[in-house]
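Here is what each chain is made of, one letter per residue.
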Amino acid sequence: MSFLDDFRARWRAYRHPGHYERFDYAWTMTIDLDRCTGCEACVTACQAENNIPIVGEEALAKGREMQWIRIERYWEGEYPDVKLRFIPMLCQHCDAAPCETVCPVTATYHNQDGLNAQIYNRCIGTRSCSVYCPYEVRYFNYNVHHWDKPLDEQLNPDVTVREKGVMEKCTFCIQRIRQAKDHAKDDGRRRVRDGEMQPACVQSCPAEALVFGDRQDPQSRVAKMMADPRAYRVLEELNTSPSVVYLKKVGADAG
Amino acid sequence: MPDSHDEIRYADVNDDVIRSLVETGPKYYITLAVAVGVTLLCYAFPWFYQLYYGIGAAGMNHPAVWGTYLANFIFWIGLSHSGTLLSCVLHLTNSAWRKAMYRSAEAMTLFSLMVAGSMVAVHLGRPWFAHWVFPYPNQAGLWPNFRSPLLFDVMAVTTYLTGSSIFIYMGSIPDFAAARDRTTGWRHYMYRLFSLGWRGTDTEWHRLGRAYTFLAVLIIPLAVSVHSIVSWDFALSIVPAMHLTIFAPYFVVGAIYSGTAGIVTVMFLLRKYMRFEKYITKLHFDNLGKLLLVLSLLWTYINVLELFTGWYGGESTELEALKYKLFGYYAPLYWEMILFCAVAPLLCISRRFRTSFVPMLFLSIAINIGMYTERFLIIATSLSRKYLPDAWNLYVPSLVELSILVGTVGLFCTLFLIFVKIFPSVSIYEVKETLPAPEEGSTQWQSTR
Amino acid sequence: MEPGRSGRQSGNPGDDRTGVSIVPALRILRPPALVLGVGLAGVAFGYWANTTYFPGTTPEQPIEFSHRIHAGDNQIPCLYCHSQARRSAIAGVPSVNRCMGCHEKVATDRPLIREVARYFADKEPIPWVKVHDLPDFVHFPHKRHVLADIACQTCHGPVETMDRVTRLAPTKMGQCRACHEEHAVVNGQDCWTCHK
Amino acid sequence: MGTIDRRDFLKLVGAGGVGAAAGFVLAEAIKHPVEHLIPYPVPPEEFSPGVAAWYNTVCSMCPAGCGISVRTLEGRAKKIEGNPSHPVNQGRLCALGQAGLQVLYNPDRLTGPLMRTGARGAGPFVQTTWDDGIAELAGRLNELRADGRSDRVSFLTAGVRGHLAALLELLMAELPGARLLQYDFDHPHTLLAANERFFGAGSLPYYDLENARYVLSFGADYLGGWLSPVHHALGFGRSRQGRSGARGRFVQVEPRMSLSGAAADEWIPARPGTEGFLALGIARQLVAEGGYEGADRDAWAAALDGHTADAVAAQTGVPAATIRRLAGDFAGTRPSLALGGGATGGHTNGVDALVAVNALNYLAGNVGRPGGVLFNPPPAFGPRARAAHASYRDMLALAEDARRGRIEILVVSDTNPVFTLPAAAGFAEALAAIPYIVSLSSFMDETTGLADRVLPSHTYLESWGDDSPEPGVGFTVGAIAQPVVAPLYDTRSKGDILLGIARALGAGEDFPWANMEDYLKAGWREVYGRAPIPAEAGGFEAFWISVLRAGVWGENGRRESGSPAVEARVIDAVGVAPPEFAGSSDEFPFVLHPYLSHALRDGRGANLPWMQELPDPMTSVWYGSWVELNPATAERLGLREGDVVDVESAHGKIGVPVYVFPAIMPDVVAMPIGQGHAGYGRYASRRGANPIQLLAPLTEPVTGGLASSATRVRLVPTGRRVSLVKQGGESRQLGRGIVRTTGAAAVTGPGARLASIPIKVEST
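First to last, the protein sequences are chains A, B, C and D.
If you're matching positions, the first sequence starts at 1 in the numbering used here and goes up one per residue.
If you're matching positions, the second sequence starts at 1001 in the numbering used here and goes up one per residue.
If you're matching positions, the third sequence starts at 2001 in the numbering used here and goes up one per residue.
If you're matching positions, the fourth sequence starts at 3001 in the numbering used here and goes up one per residue.
The shape of chain A in the complex, shown without the other chains:
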């Protein structure tokens, strides 16, 4: 492919309105805020699955956390009528992702599954994707991370360990998606069944607040969850068209 073809193809994809709707899958996560308890089981699940480094107190003091999913907390009201709202925040896999346009080397792009891919070994570390991301879910390797032996025995061989100077983020557990597709192929199925594959965070969620699946399949659980009138997307007004759909928390006045 010459670079002119490449250029043309990308430009067309970028400007074609329904481009993302023709994809093989449209992986989607729904997060029911009425169920979420803020327990952070998802955080550790993600950290264990995706070889997320232990950054240490010093780096955390500088604000250099690496956890791909985090719980944001927002207080409402004043004592005694005070409420704390939790919202899990992870890569939204936006269909119109601002991060994808800005990367000069296409280290981040949209793949045919509707996922916002991040190719670590293509990344040169401009960090512009993180600036462009309104959800602040891209994490940068500010330095080399070490696992004190034998903690490195735990590292998942299906996920690479990222070098310093590389941006990383939630992949919707691409290694699990890949494996589910592999199993589907072994069984002679063309598609992955709903619920056959779950990212680590969804799998672990004790309150079952997180649901994952293909929203193109009208029978899938996510498609049904998205039909809930409570469904909304965070920062919808930015037209990023995220693949993570939140379900509103039910207020205290509900009987």
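Hints are computed from structural coordinates only; laboratory data are not their basis.
Even glycine gets a Cβ: it sits at the ideal position worked out from N, Cα and C.
Any given hint could turn out to be false.
[Stated by the list, open to error] DSS-like cross-link-like pairs, simulated, lysine-lysine; straight-line CA separation at most 25 Å:
no.: 1; chain 1: A; residue 1: Lys185; chain 2: A; residue 2: Lys164
no.: 2; chain 1: A; residue 1: Lys149; chain 2: D; residue 2: Lys3011
no.: 3; chain 1: B; residue 1: Lys1421; chain 2: B; residue 2: Lys1278
no.: 4; chain 1: B; residue 1: Lys1290; chain 2: B; residue 2: Lys1278
no.: 5; chain 1: B; residue 1: Lys1272; chain 2: B; residue 2: Lys1421
no.: 6; chain 1: A; residue 1: Lys185; chain 2: C; residue 2: Lys2196
no.: 7; chain 1: D; residue 1: Lys3078; chain 2: C; residue 2: Lys2130
no.: 8; chain 1: A; residue 1: Lys164; chain 2: D; residue 2: Lys3031
no.: 9; chain 1: C; residue 1: Lys2130; chain 2: C; residue 2: Lys2172
no.: 10; chain 1: C; residue 1: Lys2172; chain 2: A; residue 2: Lys164
no.: 11; chain 1: C; residue 1: Lys2105; chain 2: C; residue 2: Lys2172
no.: 12; chain 1: C; residue 1: Lys2196; chain 2: D; residue 2: Lys3031
no.: 13; chain 1: A; residue 1: Lys164; chain 2: C; residue 2: Lys2196
no.: 14; chain 1: C; residue 1: Lys2105; chain 2: A; residue 2: Lys149
no.: 15; chain 1: B; residue 1: Lys1278; chain 2: B; residue 2: Lys1027
no.: 16; chain 1: C; residue 1: Lys2196; chain 2: D; residue 2: Lys3521
no.: 17; chain 1: B; residue 1: Lys1027; chain 2: B; residue 2: Lys1421
no.: 18; chain 1: A; residue 1: Lys248; chain 2: A; residue 2: Lys224
no.: 19; chain 1: B; residue 1: Lys1027; chain 2: B; residue 2: Lys1272
no.: 20; chain 1: C; residue 1: Lys2130; chain 2: A; residue 2: Lys149
no.: 21; chain 1: C; residue 1: Lys2196; chain 2: C; residue 2: Lys2172
no.: 22; chain 1: B; residue 1: Lys1272; chain 2: B; residue 2: Lys1282
no.: 23; chain 1: A; residue 1: Lys164; chain 2: D; residue 2: Lys3653
no.: 24; chain 1: D; residue 1: Lys3031; chain 2: C; residue 2: Lys2172
no.: 25; chain 1: C; residue 1: Lys2105; chain 2: C; residue 2: Lys2123
no.: 26; chain 1: B; residue 1: Lys1272; chain 2: B; residue 2: Lys1290
no.: 27; chain 1: C; residue 1: Lys2130; chain 2: D; residue 2: Lys3031
[Said to hold, decoys possible] If you only want the chain B side, here are some residues facing chain D, beta carbon under 7 Å, derived:
no.: 28; residue: Gly1313
no.: 29; residue: Ser1316
no.: 30; residue: Ala1391
no.: 31; residue: Asn1393
[Stated by the list, open to error] Residues of chain D placed beyond 10 Å of chain A at every Cβ, according to the derived structure:
no.: 32; residue: Ile3080
no.: 33; residue: Glu3470
no.: 34; residue: Leu3548
no.: 35; residue: Ser3584
no.: 36; residue: Arg3736
Given chain A, put chains B, C and D in place with the hints provided.
Same frame as chain A, now just chains B, C and D:
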């Protein structure tokens, strides 16, 4: 014009300028040594440390992933702006007062661009793969992302660097020839190489003039586009207080503004230390002062506009970001910027101020400090106040970053100091154009040396 | 001709060195430039020669196992020993146990086989040296490729003719892409198909 | 062009040659370094490199007893997930449970038996052998036994269940008079006592959150660390959005908002120690106005007389209108459920208060019904008699005996009393008086640091064991814990150590089992006997394999039991004594509310880097400790976040930074437990402060449990400031609509019908 060149004799021009190339006092070497030392100590060493440790050596953190490196980048790109751009504009408008200063102004452009380019490498997480941003055929079949504003930036800066280099080089050819004819030894060979066999025939002059004007016309839009594109790195994002339509003109004005101030600084130094008092005169400072005044008003206007539209729009994120800029953690820097860039230049209303060299020097330095602050604030305030309040974080530059900032000045000075010994830093032939031609047979032909 | 222009005839008329050609300067430059140039060309040549004529490595193995005898002369299929290749991402090397499956009976008197038998008796693994290695960030499932009837030789070369296995050339991304394009692999050009 | 002479030619040849050599070497250097491929000499059955094997076992990170599946690749554990078949957690798992991998692969694990050489507490430890270690311990035990002084032996362990507990009791039988103490800081003594008093059953019942429509919790942080958090979260989620047409409502009463308080629809701050009054007030409303129609109505009316809404409002600080509303909702939204525990049970009136909560359940008719309190059958195996957990009072007695020289051998296992007992107990000093201390811990924690011998046990992922969860799920459940990886170090499983001691004591014939696995199998034959498989279908072996595969075994049982009658004297005894606090309110103006840290629990998780790097769910602080203050209090004292204050009680003081916490009562300060370790490895040591050290030795009179929420403290600013390491920035939404809420209309949606059991696909 004549009044400003009263004391210059036609023959002195060559002598003075060539003298500046050939005669090198200990002061020069001391200055050069200091500059190189600063470059190594404050730039090279911290950078190597950062390469070894990772970008973590800088003070950036999770939401504020950009920091002073990019501020340095914009600052130096901005500083590059007045050189070539101003030179082109003044060339096309036939402003004679440009002729004494344009060479060093263009050199500033070149070296600022080089320093700015190096900042990109310092900024990258993995600079050893920086070549991936260039489109070149490779076995993996990969191309850069042509819709990325960063790639536009790479293209624009490289084009501008190429254009500026050719422009300054072309304008210097007759002067190289003059130097060639007056030097000996390695310099002679060097200038012989550089002068490309210039003989000074009418055809050559004619062609040079045409090409020069042609390039000047080309470079003006290029320069405007470069800083517009630099601004798009920010304006094409959706970060509050960054995605502003006014950013492109804002950056261009800011660039010319800081560049003009930079020229004032360099002019002063050249005048003082290269003994060009006769060539760089009150007239230049007067004119540059007027330019500064106009630019400062324009810049202030755009700044007020930014605040006004943000406030009028009343959107929460935008309002919060502006409020933060004005009254938040970085507010002292903001007001410092306003003082230096909007208030102080009003002094240029007075002709007496404009024609006083030392106050103008201080003003020009103040303006550039203010402009650097502006670039820093664009990054620091916007990135620390994005959409999700829970993710807000402060950014404070680390020692490595501050050191590299100082180091860039050292690098720039080093390059400039080398330049003044290789390039005639005042255009010999163009200055001569402003002088009355000597009569035939006059003694002025003889070299004073 | 404009009046001022004549003054630009710079140069000292009496100086015989005042050539206007750049050739003398080039001539002065030539010897060092030539040495430097030849030196750099030498580096390029050396690099090229190494990567072109010696792209592979032929590491010495703890036991001089010959693929030529097993896969070539005796026509044992690859998957007989590397049986995991059709089940797993990792092809794996056979265990000593598998070696002894045959060599309990076959050619038991040869010194190399005795050595293998010693490993087996000691329940010690044979520390084979890796010949083909992909970087950590690449996901290459042997299973999918074997099940798609891609011959092992496509990437590994004619192993059945080698006594000591040689990596003929490092596997490059371009090769993966070309092969995926040739076989019209679904999503074969997606980065996430191979990168992890 | 000139000619090239000989010297030039040689120069060029030289340059070219050197260049080519450099290029060649450069290219050679870039090639891959040597890597080895090491196959198994004889691969295990069904082994395939690169294909994951999942093993089911039991989580031991907290007492809830969740079932886990561990993903292993090439013999290394990679990931812990919940076992989908296990009824307690149903495939889900909390953060701490998932961090169990870091117990296994902790860099600070003890790698073999150790012997102290220098002074106790300071001296270096040197490696010894197992034979040596066990022989010495058994020799000393034998000596004491021979002298008839085996009552001078004490075994101190964390709470154990199942066959390990049975084995411990068997071993104790060999040492007449020896003491077996199980000590956990967070053991719910008061809850068990309250159940014993009210229901006559001193066990933990099953709280059916899933089917409840209205949950009123008094201090029980059921989503945070109380009893069985994962199961409660499952129930919470399903109660909230798992049924069409009915969304569960949750109300939390506590002085400082916990994770459950944040999840609840309503958080009600009540004065510390007065939660019991509130329960009584609501109970009175139920009897007086809620239409309680039971036969014992008059007895209740008499017992609750005086607890009018207004009187209770004055006692608790909760408005009378709120009390009436709560009572109305509690009676009107069936099935409803009242929970009590945590800090409510941690006062001097803890048992009274929890009895009052039980009374609420009884009066609302929630006992023995789905969506209410269901009783658990006794466990299918393990010790018949419920082992008594050591209360604070028991530990004091142990310390006192030690000081008097009446304890000669102490065996400590997995519990860390030096850290989890208040400084006032003087436990560390008491240990100094014990001549011989053996620790079976896997880590060098504070207590193990004082031991003479360390016989480090396997982690739970390397050992055999079994468990029946407590609280259960309303029917009989058991699970076998199997090793998922080969032991990393020269350690032994706890069961094997006990068997080894028994054998060395010469009790071989009473302990005929070769190892723990053998003992387990023998014990599970009994379980198998409840519903044997025909021999042709495989018999016990098939049963054993199937339980190992499934990771869980259970018997369907009836959950509903109907409401038991409550004796009149129990009703008469319902009443709550006023809470006592240590320290006068003039000198110590604040009540200290210590709570179990979400990630570190009572400090056991502090050596796990994932847990240290898990932001606290309420404050988002990483690493370190803090003290929470109401904004008004902070303003009054002129304190801001990060100001270091000395928290002083009559029994000690610790310096911690302030965190201004919007949801805490103005006269209460709260501190998380878990940090402040002196030892316990590189991730835990010298980090934060331990509020347990401040606690006054005040006990609940019935159980002797420590009244951990009854200490008063004062705050003394130190003038120092630190920057709290935390994740969160601005804690308000600023109207950006990030977390959106909706009103009553959208109670449930299509999602309601989608209550899901996770599907696990990755097969072995």
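#### Entry: Broken hints, by number
1, 2, 11, 14, 16, 23, 28, 32 and 36
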